[in-house]
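Visitor: Take the given structure of chain A and dock chain B to it, following the hints.
In the order they appear, the protein sequences are chains A and B.
Numbering-wise (my numbering), the first sequence opens with residue 72 and increments by one.
Numbering-wise (my numbering), the second sequence opens with residue 72 and increments by one.
No distinction is drawn between identical chains; accordingly, a pair holds when it is met within one copy or between any pair of copies.
In silico EDC-like links for lysine to aspartate or glutamate, alpha-carbon gap of 20 angstroms or less:
(1) K196 with D211
(2) K196 with E231
(3) K150 with E105
(4) K196 with D210
(5) K257 with D102
(6) K257 with E97
(7) K150 with D268
(8) K257 with E114
Since the hints were derived computationally from the structure, they do not count as laboratory data.
Note that this is a predicted model, so its numbers are computed, not measured.
2 protein chains.
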Amino acid sequence: MTTAPKSKHIPRATIQRLAIYVQVLENLARDGVEVVSSNPLAEACGVNGSQVRKDLAYFGEFGVRGVGYRVDVLIAAIKNALGVNREWRMALVGAGNLGRAILNHGDFRARGFNIVGVFDCDPFKIGEIMHGLEVRCTDDLPACAPELDIQMGIITTPPERAQRAANHIVEAGITSILTFAPARIKVPEHVHVEYVDFFHHLYALAFAQTQGGRA
Amino acid sequence: MTTAPKSKHIPRATIQRLAIYVQVLENLARDGVEVVSSNPLAEACGVNGSQVRKDLAYFGEFGVRGVGYRVDVLIAAIKNALGVNREWRMALVGAGNLGRAILNHGDFRARGFNIVGVFDCDPFKIGEIMHGLEVRCTDDLPACAPELDIQMGIITTPPERAQRAANHIVEAGITSILTFAPARIKVPEHVHVEYVDFFHHLYALAFAQTQGGRA
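The following block holds chain A by itself, in its conformation from the complex:
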């Protein structure tokens, strides 16, 4: 399947839904499902059918009227459009509990997000082997990045060390950062940062439950 995306400007909300479609489609593929039509796919994803058809139209025409979408073709096409049909090599900065959990999270590697370097500034952690990788000093990240061919950085430090971690990642020439630290970081404009913020989700639940009078 070589259909190119119709538009290079896929809105952020669409990317979020595409990630969900991939998740659901991969679960279907694991269950042996080969073809799916947009309505059941939509239902499994928690959106409506016309939204699914509109989102998938970004990549051209896949669906066969009256038949549906080939699951494997659709997964490949979405991954191709998003740029995730390849390996992304990542450095993890912060070898604490969360860092360890992410290293052990089989889904990262299974989806092509391969952590190839682990860094920490704690002398007691440097030299330790975590998931087959030797923890290195964060100061050495800029020197190691080209050799390890790193394209993304993950920050799992405490909040007060997040900016320092970000500085080392930027200094290493890495332009994509996923951060789990509960702190805002400052980076040059050409660097993309994604924040995984557990608390915004917890606050949304607390707010909904408080408003609903069920608390």
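Guide: Same frame as chain A, but now just chain B:
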């Protein structure tokens, strides 16, 4: 400070920004800052000043013209409006690496999200002590929930066990679920679910980097 929210319908995007404001304000408070005006606050949060003023207007008037906002008053007011100025008691289902990392994540308890029960269906894990809590059988969650006064559930199981975990949580009468499992779950309409999806963030980074031609 007893100012009530002006409106009960705070949009989702606003809640997300309020969570960021609280994070930044708490870091400022830790650094000894007592008063902040909207523009530096906005800059630290990565939004513009008029957005901050508009968001904070949901809760009434706090800012003193030419002076700014009292950091402690603003934190308390936002937390009060969101319903997070209290303890939320939580059950964690899935005692693996990610579950352990969340149990050890000091910020949860510090922000009032207190995990008081840990559940797993693996007989080898049941009975183990994790962060001072004995891992219990997930089947026992409905029986334990009232005694432990649980108001929220966290799912950190593998994807194929997420639905079963959700069923137990719902059966326990819990109406708020935060799930880290990469799978969609089905729950009755009165139950709120928040998905923490690492991959949508990674896909957004991969897409941005692929489009930018830097990959």
